[in-house]
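Quick mapping for you: the protein sequence lines, in order, are chains A and B.
First residue of the first sequence: 1, per my numbering; consecutive thereafter.
First residue of the second sequence: 1, per my numbering; consecutive thereafter.
I should point out that these hints are in silico values taken from the structure, not numbers from a laboratory.
C-beta: ideal position from N, C-alpha, C; glycine also.
You may find that some hints are simply not true.
Simulated DEER-style distance windows between Cβ atoms [claimed, not checked]:
{"#": "1", "chain 1": "A", "residue 1": "V149", "chain 2": "B", "residue 2": "A153", "range": "13 to 21 angstroms"}
{"#": "2", "chain 1": "A", "residue 1": "N72", "chain 2": "B", "residue 2": "D28", "range": "16 to 24 angstroms"}
{"#": "3", "chain 1": "A", "residue 1": "E160", "chain 2": "B", "residue 2": "A153", "range": "30 to 38 angstroms"}
2 protein chains.
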Amino acid sequence: MGMIVEVENIDEDDDVLIPPPNFSMVEDCIYRSSLPKPSSFPFLQTLNLRSIIYLCPEPYPEENLDFLKEQNIRLFQFGIEGKTEVSLPALRDSIMEALKVLVDVRNHPILVHCKQGKHRTGCLVGCFRKLQNWCLSSAFEEYQRFAGVKSRAADLTFIERFDLVSLRQCLYSIIYQYQGASKKRRLMYQDENIQKPRLTSF
Amino acid sequence: MGMIVEVENIDEDDDVLIPPPNFSMVEDCIYRSSLPKPSSFPFLQTLNLRSIIYLCPEPYPEENLDFLKEQNIRLFQFGIEGKTEVSLPALRDSIMEALKVLVDVRNHPILVHCKQGKHRTGCLVGCFRKLQNWCLSSAFEEYQRFAGVKSRAADLTFIERFDLVSLRQCLYSIIYQYQGASKKRRLMYQDENIQKPRLTSF
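Please work from the sequences and hints to get the whole structure.
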């Protein structure tokens, strides 16, 4: 039955891929997960990542660093404490800086992760959803889907309070362009450090 | 601060978008959710959908049909009963047919949904993950993230037992091509009903 024109890797069905726990796509070329173990490296390779955002203060594991070097993946680290007694202004600054990296298409495809892929990653993705104009309850529902019983009221409050002024500062330091209401929205921007001559080359 | 080259729709931040509950990206141009209410139609418009897979036997709601007609979105309906007493062979057949539609890039961007986006959608996505060579525990983890406390052992068993022979029948009736191990995997295929002359036009 059927007409096969080309089938590659048909015998590789036994090479099972192991995504990290709490792995998911967030948007085109934006992914989230928990801290990947070496068993997930073959899966990560299929994503063809250009960058990783790591939201913990702990040094990146040696074997993960080796993987990144080998795959030519750039690491952006923002050291956010994992516990709830984190200082709010520091958290706000870190999330803002991480957001700027996250929406920069020059860093895509990009993976954001912390340790469990629940709280810190959930806060960043929640703020990103606000940037995308998602209603708060939808952003919360997504946060809770990943945090499960570990959901933290403080994180939800953080996402809710992450203000549009800060978001606009972020927006105004980049180019954020929609392709129009009926089209799929795409992020495009160049940051403030780019020289004028380079702008014309895009 | 910063240099703004182009910022569109900057004043539309108040047009809040409401994704349907349990909305998520599954893969490039593949989405999942619960049954969308009209309040989510503006959000769905941003996805630029070409097709929807609906996994319930109930007639598609009138207002949703109107939205699809207006947006020129094609509906594929596979009537799977929502309760657990569904016949296994019938379920297997429906999921197989839905899978063929799901992986067909000509139907992308595509949204798959049932009522809650938990069980029927979870089964389809779980089988799709097997097709992508995800290990079973990762497919289960994803199923459970959406099903939450409503997780059903019978669904997990269904996903586990959904056999590679059936999957290969599906594969062999289409073209399923990986772009190589180190690249992001993409689905490309044409089904058995396509006339030979049309193959050359792609």
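Going down the list of hints, with the structure as the test:
1. Taken as a hint, the range 13 to 21 angstroms holds for the pair V149(A) and A153(B), whose Cβ atoms sit roughly 20 angstroms apart.
2. Separation of N72(A) from D28(B) is about 22 angstroms and conforms to the stated range, judged on CB atoms against 16 to 24 angstroms.
3. The hinted window of 30 to 38 angstroms between E160(A) and A153(B) holds, with their beta carbons roughly 36 angstroms apart.
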